[in-house]
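Chain by chain, the residues run as shown.
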Amino acid sequence: MRRSPKDALESARGITRRALMLGGAQVSFAAVLALRMRRMQLEQADEYRLLAEGNSVKIRLIPPARGLIYDRNGVLLAGNEQNYRVTITREDAGNVDSVLTDLRHLIPISDDDAAALLAEFKRRSPTTPITVADRLSWEEFTRVAVNAPSLPGVTPEVGLSRIYPRAADFAHVLGYVGPVSDYDLSLIENPDPLLGIPKFQLGKLGVEAKLENRLRGKAGTRRVEVNSTGREMRELGRQEGTPGDNLQLTIDYQLQNYALARLGNESAAVVVIDVQTGDLLAMSSAPSFDSNLFVRGISSANYRTLTEDDHRPLADKTVQGLYPPGSTYKMVTALAALDAGIISPEDTVRCPGYVELGGRRFHCWKHSGHGRLNLVQSLEQSCDVFYYDVSQRIGIDKISEMAHRLGLGIRHDLPMSAVAEGLAPTKAWKQERYGKDWVIGDTLNSAIGQGYVLSSPLHLAVMTARIASGKAITPRLVRSVNGVEVESPEIPDLGLNPAHLAAVRAGMTAVINSGRGTANGSRIVAADWRMAGKTGTSQVRNISAAERARGVISNNDLPWERRDHALFVAFAPAEAPRYAVSLIVEHGGGGSAAAAPIARDIMLFALNGALPPLSAYPESQRGRIKSQQDTLDLVAPETASGGKTRS
Amino acid sequence: MSYLEHNLKAVPTGFRKIFYLNWPLIVLLTAVACVGFLMLYSVAGGTLDKWAAPQMKRFGVGMVGMIVVAFVPIWFWRNLSTLAYVVSFLLLVAVEFFGSIGMGAQRWIEIGPLRLQPSELMKIALVMMLAAYYDWLDVSKTSRPLWVAIPAALILAPTFLVLKQPDLGTAILLVMGGGLVMFVAGVSLWYFGTVLAAGVGLIWLTFESRGTSWQLIKDYQFSRIDTFLDPGSDPLGAGYNITQAQIALGSGGWAGRGFMQGTQSRLNFLPEKHTDFIFTTLAEEFGFLGAFSLLALYIGIIAFCLHSALTNKDRFAALVTLGIAGTFFLFFAVNMSMVMGLVPVVGVPLPLVSYGGTAMMILLMAFGLVQSAHVHRPR
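Chains as they are written, first to last, in the working numbering: chain A, 1 to 647; chain B, 648 to 1026.
Next up, chain B with everything else stripped away, as it sits in the complex (with noise of 0.2 angstroms):
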């Protein structure tokens, strides 16, 4: 009998289990999508049918699809991992070669009604898979080579899809969000310092490979770095972005220039102003006080999560919140940095915020995994 069949009694069943959501965390998301809804309201120009709408039928649907979740307990879904793995897996490799294309790269694949971008679901599904694969090793052999070289295989081979197709910030948070499982589950850390040593490696190797046969990133891609480490070189090209993401932000000031006041980014001076750049609209528009609202808003769900992490005793329950908050936390922190210049332009959304159907929805169903863990806790 294991120790969370020992404790099953203490689980609340059917519709009691409502009231052992965590309540706090819903709260957070709830508020945060609603700056999203504010926002997407703003960058449209004043009105809800564009964006701002959309984006609340699908929070309302995601929140329900959350509950529905939350509502199955964890050890289904954790018995569900390598088939959802799996199954990512292939829709990644479907994509490779059904996929349609949308904003130069093959990321989309439909299914009936259904369109679907697998990289999204990818993020989850491992971050699930190597919660399952601790779960079921034994602690001892955590930090074996061997057993090691299966998570990271794990990683890399979505990620390698992923980076053919070429989608370059998917595949940061994939190998990042991968590499936190494996860090929470007590992999040594001799691993992650060899791995740091080859990831610059890697990048050295990168910037060697360009302009050879076997260039190793498209070309957009380079000249995306090279306007990071030099915006002003090319202020109306490639680096114009940056450029003017960065006034839009700078301008804001204390506390913004007000609500729809904005000049930058409703002008149209801000490319993406309503997907990967919103948070610079937020930025000008309620200057500092929104800016760091926001961050405080998304500390405030890593934390929660955190505290429901270190309170379940179940190891992929706890393993499975500590990884979707670490992606969350990825999510924001890296599209933050990046439109804040402090590194390069890679297609990263605001999570929550961003106008965007699958990214949202699925995101919310990783909170619903990360509500079942903290409903279905061994008490």
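Extracted from the complex, chain A is given alone in its bound form (with noise of 0.2 angstroms):
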């Protein structure tokens, strides 16, 4: 508007003083703005770095390669091959929901699968990644690569899973290698953070899980550049982990796949020993089953179908089998007496087919009885009677003491899951455990291996091995790692009168090669690869009164549970053992008919590298005994994979 001169003059000294009061609080702002930048980016710097460090750059574990497991002829047994797997982090997927429908469209996930998985995923960290689909073809991994940009979150991995290539022969030695549970962490003290992987797959059982430091390895890692989706943009670093120790087992994949074969049907166990080094050369429990299983995840029916079997697939028998020993722990009681001094070996026994002991007869197996027998033939014929006449003279403690040193009743170190410590009873255990006084009825049980003894196959094997040898060998199953042998201690002596145990040895040999033995009919009739052992059949029952007056029962008279067990240990050959053998037959009867035979199979098997030659069998059993061998199902014999060492 038009205005005076005057008042233009007032106008413009106002703006000026209220612009420059106007331009003042300007730069003072500006100057606070200033202050802050310099806080900021100069005080502060060091500090916003570390944390920019952090939002960008990312750590990621490399799993390392898991040790693999050979044999001791260098074939692979335990390896690990290529998985296409796809994971999903909610972190950077966001609404997890709306990704694993779109990933559904690209990928089988069943309904099932996906509630699992968003139920897993409210339960998990955020940042953790979660396996939503393991083990996808080739056209189903690319598949989801190529449309991994849109899907957010998802990232298409390659991993390495365990792959156990004679799953079905090994599963029990294994074990076997599953997901990590949260049960698993729980069990573990500061976790390799390896273990926060999801389904980083963790020794579960058997040596997997028993060398399961050894056969992990040391994680690697990678420095990656991400962006705020999660996604890598580059590697900035790499440093390689280590991967686990290769292991060679004692095991000898043939013999063990022979053995597993012989067993057949039926529910029982087998293990072989060298009884000069200790070296497990098998160890068989029949029935198996299949390891890979658990490695994918076994599905609820195949795991009931395992779980509900009577022959018990899922328990490793060589170990964690404990049966009453029967007559196999004749020998044990004999060197007992023979080292307390009270018999020599020419002494006699009369067996006239029972004792009488405090009112109570305690019958040999054989009513009418042995009459006048030696050591050599009280094993030979396994006369009961022998025993309970000897074992009232040394008492329990001594008997225990013997079994103790032959490898009885002490739990052996081997990397295996629940291997059982057995029994060999004492007075003093008894009272402890059952408050109860040791009674004399007591000891005549204990001597012929019944009672409370309890052994294994794994510690018969080491029974027979040390008898075999007298010395004090210790099962041993991890050959070598990475290629270098495992230094195994000198073996002491047993420290056994070899007069003694040359006594026993003697009697084993009539057991099978004297025709009164009791498995004169599993005999070996090539010279070289005679075989020494001892028959065992160990009750299962009790024997009622009323079954005690109508006489004995015949075990096929009986239903399959309530059957006696068949067991038989022997060691070749006779006069410059190499190998022992011990073998049970649950529920088999008699171990002279059902287990033996088995043995003998085993043994020659094992003497022989192969399946052993008709002309070591007694002439009349030979054609038997090649319809059989022609029935069984065997793999292919295979060179070593691995280039390891071989025996």
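Hints are computed from structural coordinates only; laboratory data are not their basis.
Note that CB positions come from ideal geometry on N, CA and C, so glycine has one too.
One or more of the hints may lead you astray.
Chain B regions said to be covered by chain A (calculated; three or more residues, Cβ under 8 angstroms) [unchecked claim]:
(1) 826–838
(2) 891–900
(3) 939–946
(4) 960–972
Fit the two chains together into the complex; they arrive one by one in their own frames, and the hints show the way.
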């Protein structure tokens, strides 16, 4: 508007004053901004740098390759295969539900699995990648990889997964790996960060579990730059981890395979051990199962089949199964008596068929009695009365002491799950366990391997090997680690009188090679491979008074689960022992009929290194043996795949 | 004969006006815009096409617009002020009914091929309106209640509409920009003291309204305030912007990570990296040196405007120059304070640097007014 010069001057002055105030305020505020910049960018720069580093650079673990496991000849028993899988990270995915729905258009995920996954996403930390699909085909994998940019949080990965080429033969020895569970983590103090990787494979059972720390290896790390959706932009650095140690077991895969095949449909177990070194050449428990099923996540139907089978395929009967050793224990009683000086090898005992003790009769298996017997004859014919008589004179504690010396009733240090301790009872043990005094009847029962005495096939194999070699061998399962032989300490002598051992061995030789021996039918006729052994039959039932009155019922008339266990231990060659075998057929009936023939075949296979020649068998049996050999389903011999040391 | 008309003979005419433009100001504006192009090039991952090239085009068009505006005599613009205000106001009303949705708020209106943000227009129109008002008003009446109520109403009416969109940032800028013109025009300081007190009361009332039926601002605005007060409370949610911005800014250090080397911004850690948060990229890649230099350029622009206003004896010209410079100051001051965590996150772009068409063009037109005032000042 029109304004007088005076007004205009007034206006200009006013504006100038206020403008200068404003300008001052603006400059002051700009100074505040500058100071703030200075503080953040100069004084606190290092802090922010650190934060920025954590923001964009993430440390990712490189899972190491799990150590391989070979048999004693270098044949692969546990390897790793490439596994294409897809993971989702909730933090990056945002809406997991919709991402999963999109993903299901590309790869098959069942409704049940999808529901389970959504539950898992809620449970786990948002930064943990969850494996949503595993073992994809190459086509499925590439389909996901191509579409990954439009699937936030989805990462296609190539990982390694355990595979067992000889799953059934080695399921019990090797055990299996499976995804880490919360329960597993709760057991471990300071768990390796590797275990935080979802579905990281951890040994759950057997060698895989016991030697987990050797097999796992050390994780490598990758420094990767990621964007805010978690997708890797580039790799900044890489530090390779160390793969797990490769193990070579003492087991011979061919013998193991043969042993399991030979056990057939029985619920049975066999251990073959080198009597000089303690190397375990075979440890087969039948029936077996496919350990690969567990690696992949076994279906509940399959699992139920395994758990409901009365032959207990999941149990490793070689080390976990405890049985009364029956007559195979008589060598212990015999050696205890000889060592205590109670008897000499030539002393005889008369067997009238029973022993009367405190108004109770203890029968010999042969009710008519054996007549007068010396030690060798008592073993040969497995006379019970001989041992009833001897045991009363030495007492239980001396017997159990000898049992421990022979490797019974102690837990052998093997990298396998639930290795049983067994039991060689003493007076003190019974007092502590049951609060009752030891009675003489207990001693009599123990003397023939019944009553409280318990042992696993492993125990009996060690016992047999110690008797055969006279040395205190210990069982050994791992032969070398990364190609370096595991050093075994000098094997001490048992400290038993060689004459006593010779007498027991003579008795065992007679069991098989004498016409009156209990296992004469299972003899080996090849002169270099003659076998020495002992049969055993252990009761799983208490014979009731009524049953006793009617007389002993034939095993075949009983239901399977009430039949006797058939046992057999042996070493060969009788004159220069190399291998010992112990074998049990659960509810198989008598040891001589059910166990000894199988043990002989396995022993011959071990001695021959291949299917035994028919010439090793008595002529009358060859036809039957031939047809039986033809029906066995065996693996073809294989050359070592790992280039490892061969035996 | 007015003082202005009296001195008209000294005002340059025709193309000679080009020599009388405030050239240092143009150089500074271009310098700031160039910083913007550089940053947009960088945040786009080294491509021009994404943001930098369109921004350059708009800057070119805006510069031409600025010169055109500058060539038109300032009194023409003064006479147009009321019309500009009324049109802007009507557009704001229109946006309330027909506006399209952008960024969760109604801010845009489309007239033919033109996509307009009336609230941007209003920032300048309000400054013009108030400057014209005080040019018209007798200086002695400036502090009288009735004559203070009128400009207050002129400010609050559009503010209310903008707040309803809702656009807190623009609303604050309108109130502060308008208040700034009133301040410069000489309104008694008592009024400002009173308004300040009332403002504090209003903030209190706003917090009181939370969760009630008459809640004054939207939930997301509340959450932004919450996270401003404690960004750590929700580092991956609403506090994400602030935390990431500060990490980017702070990690720049003295000289920065180097051009195109900013890991934070290029790796998508920053939201709105090309718009409201572009300053963080600059601070990260060029460090304190870069950030401070930009601040210095801005202050330079303000200084030249202030000098131009102080040497201008025309009341409207001086007021409009100071008002526009003040609004410009508010833009960058609020934006920088926001990314540096001094004030809550409100949607205010960094002037001439942030990607955005309307904002930049309108700002350059506004500097056209400053130029026009400069060229056509009474001598």
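Tested hints:
Counting residues of the region 826–838 of chain B whose C-beta lies closer than 8 angstroms to any C-beta of chain A gives 5; at least three are required, and the coverage claim holds. With 9 residues having a Cβ less than 8 angstroms from any Cβ of chain A, the region 891–900 of chain B passes the three-residue criterion, so the hint holds. Judged by the Cβ-Cβ criterion of 8 angstroms, the region 939–946 of chain B is covered by chain A as claimed, because 4 of its residues qualify and three suffice. Counting residues of the region 960–972 of chain B whose CB lies closer than 8 angstroms to any CB of chain A gives 5, so the stated coverage by that chain holds, three being the minimum.
In this structure, every one of the numbered hints holds.
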